[in-house]
Amino acid sequence: MNSKRPVNLDLGKFHFPLPAITSILHRISGIIIFVGVAFLLYGLQLSLSGEEGFSRVNELLDSFLAKLIIWGILSALLYHLVAGIKHLFMDMGIGEELESGRLASKITIVVSVILIVLAGVWVW
Numbered sequence: 001m002n003s004k005r006p007v008n009l010d011l012g013k014f015h016f017p018l019p020a021i022t023s024i025l026h027r028i029s030g031i032i033i034f035v036g037v038a039f040l041l042y043g044l045q046l047s048l049s050g051e052e053g054f055s056r057v058n059e060l061l062d063s064f065l066a067k068l069i070i071w072g073i074l075s076a077l078l079y080h081l082v083a084g085i086k087h088l089f090m091d092m093g094i095g096e097e098l099e100s101g102r103l104a105s106k107i108t109i110v111v112s113v114i115l116i117v118l119a120g121v122w123v124w
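In the numbering used here, the protein residues as written are 1 to 124.
Please note that a few of the clues may not be correct.
[To be verified] Listed below are the simulated SDA-like cross-link pairs for lysine to any residue, each with C-alpha atoms no more than 20 Å apart in a straight line:
{"hint": "1", "residue 1": "67", "residue 2": "106"}
{"hint": "2", "residue 1": "67", "residue 2": "88"}
{"hint": "3", "residue 1": "106", "residue 2": "122"}
{"hint": "4", "residue 1": "67", "residue 2": "101"}
{"hint": "5", "residue 1": "67", "residue 2": "45"}
{"hint": "6", "residue 1": "106", "residue 2": "44"}
{"hint": "7", "residue 1": "67", "residue 2": "24"}
{"hint": "8", "residue 1": "106", "residue 2": "123"}
{"hint": "9", "residue 1": "67", "residue 2": "85"}
{"hint": "10", "residue 1": "67", "residue 2": "91"}
{"hint": "11", "residue 1": "67", "residue 2": "34"}
{"hint": "12", "residue 1": "106", "residue 2": "124"}
{"hint": "13", "residue 1": "13", "residue 2": "24"}
{"hint": "14", "residue 1": "13", "residue 2": "41"}
{"hint": "15", "residue 1": "4", "residue 2": "18"}
{"hint": "16", "residue 1": "67", "residue 2": "87"}
{"hint": "17", "residue 1": "67", "residue 2": "36"}
{"hint": "18", "residue 1": "106", "residue 2": "41"}
{"hint": "19", "residue 1": "106", "residue 2": "94"}
[What the hints assert, rightly or not] Quick list of the computed label-pair ranges, beta carbon to beta carbon:
{"hint": "20", "residue 1": "85", "residue 2": "14", "range": "22 to 30 Å"}
{"hint": "21", "residue 1": "65", "residue 2": "41", "range": "12 to 20 Å"}
{"hint": "22", "residue 1": "50", "residue 2": "100", "range": "32 to 40 Å"}
{"hint": "23", "residue 1": "55", "residue 2": "122", "range": "30 to 38 Å"}
{"hint": "24", "residue 1": "28", "residue 2": "122", "range": "39 to 47 Å"}
{"hint": "25", "residue 1": "51", "residue 2": "90", "range": "42 to 50 Å"}
{"hint": "26", "residue 1": "53", "residue 2": "110", "range": "39 to 47 Å"}
{"hint": "27", "residue 1": "99", "residue 2": "53", "range": "49 to 57 Å"}
{"hint": "28", "residue 1": "59", "residue 2": "37", "range": "39 to 47 Å"}
{"hint": "29", "residue 1": "8", "residue 2": "122", "range": "22 to 30 Å"}
Since the hints were derived computationally from the structure, they do not count as laboratory data. Each residue gets a CB set at the ideal place from its N, CA and C atoms; glycine is no exception.
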């Protein structure tokens, strides 16, 4: 038996490569979208309930917290979209090598940040 094996793994000590980080963020953004759809559907249901419900949703969307939540959901959606397109290219055999995978991850981050900033400008 090898006694040099670690007993407890401290994930804070590991250095993940950029492609792994973008893949993990892709999964996290999917979870955020899944949870965010519940809030959006509730707002849609409330706004369609009548004139009073529509006015209430309109008032709610004027608050800072609602704009932050909407921006967060949009950010997750935009990142998920860009990372999904990267995965589609990888499914076609483009960007599967180590260097091209790193480049694709960098492009994913840059394009996502640009789109997220534009979404923030649009929401506010």
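Hints, verified against the model:
1. 67 x 106: This hinted pair is violated, its Cα atoms lying about 28 Å apart.
2. 67 x 88: violated (31 Å)
3. 106 x 122: Distance ~24 Å between residue 106 and residue 122 Cα, so the pair is violated.
4. 67 x 101: With a Cα-Cα distance of about 34 Å, the restraint between residue 67 and residue 101 is violated, given a limit of 20 Å.
5. 67 x 45: holds (18 Å)
6. 106 x 44: violated (36 Å)
7. 67 x 24: With a Cα-Cα distance of about 25 Å, the restraint between residue 67 and residue 24 is violated, given a limit of 20 Å.
8. 106 x 123: Judged against 20 Å, a Cα distance of about 26 Å means the pair is violated.
9. 67 x 85: violated (27 Å)
10. 67 x 91: Status violated; Cα separation ~35 Å.
11. 67 x 34: holds (18 Å)
12. 106 x 124: violated (27 Å)
13. 13 x 24: holds (17 Å)
14. 13 x 41: violated (40 Å)
15. 4 x 18: Roughly 28 Å between the alpha carbons, so the hint for residue 4 and residue 18 is violated.
16. 67 x 87: violated (30 Å)
17. 67 x 36: Measuring from Cα to Cα gives roughly 13 Å; hence the hint holds.
18. 106 x 41: violated (33 Å)
19. 106 x 94: Judged against 20 Å, a Cα distance of about 15 Å means the pair holds.
20. 85 x 14: 22 to 30 Å: Between residue 85 and residue 14, where Cβ atoms are some 28 Å apart, the hint holds.
21. 65 x 41: 12 to 20 Å: holds (18 Å)
22. 50 x 100: 32 to 40 Å: Roughly 54 Å apart at Cβ, these two residues miss the hinted range, so it is violated.
23. 55 x 122: 30 to 38 Å: violated (23 Å)
24. 28 x 122: 39 to 47 Å: violated (23 Å)
25. 51 x 90: 42 to 50 Å: holds (49 Å)
26. 53 x 110: 39 to 47 Å: holds (41 Å)
27. 99 x 53: 49 to 57 Å: holds (54 Å)
28. 59 x 37: 39 to 47 Å: For residue 37 against residue 59, whose Cβ atoms are near 22 Å apart, the range 39 to 47 Å is violated.
29. 8 x 122: 22 to 30 Å: Given about 46 Å between the Cβ atoms, the range is violated.
Of the numbered hints listed earlier, those contradicted by the structure are 1, 2, 3, 4, 6, 7, 8, 9, 10, 12, 14, 15, 16, 18, 22, 23, 24, 28, 29.
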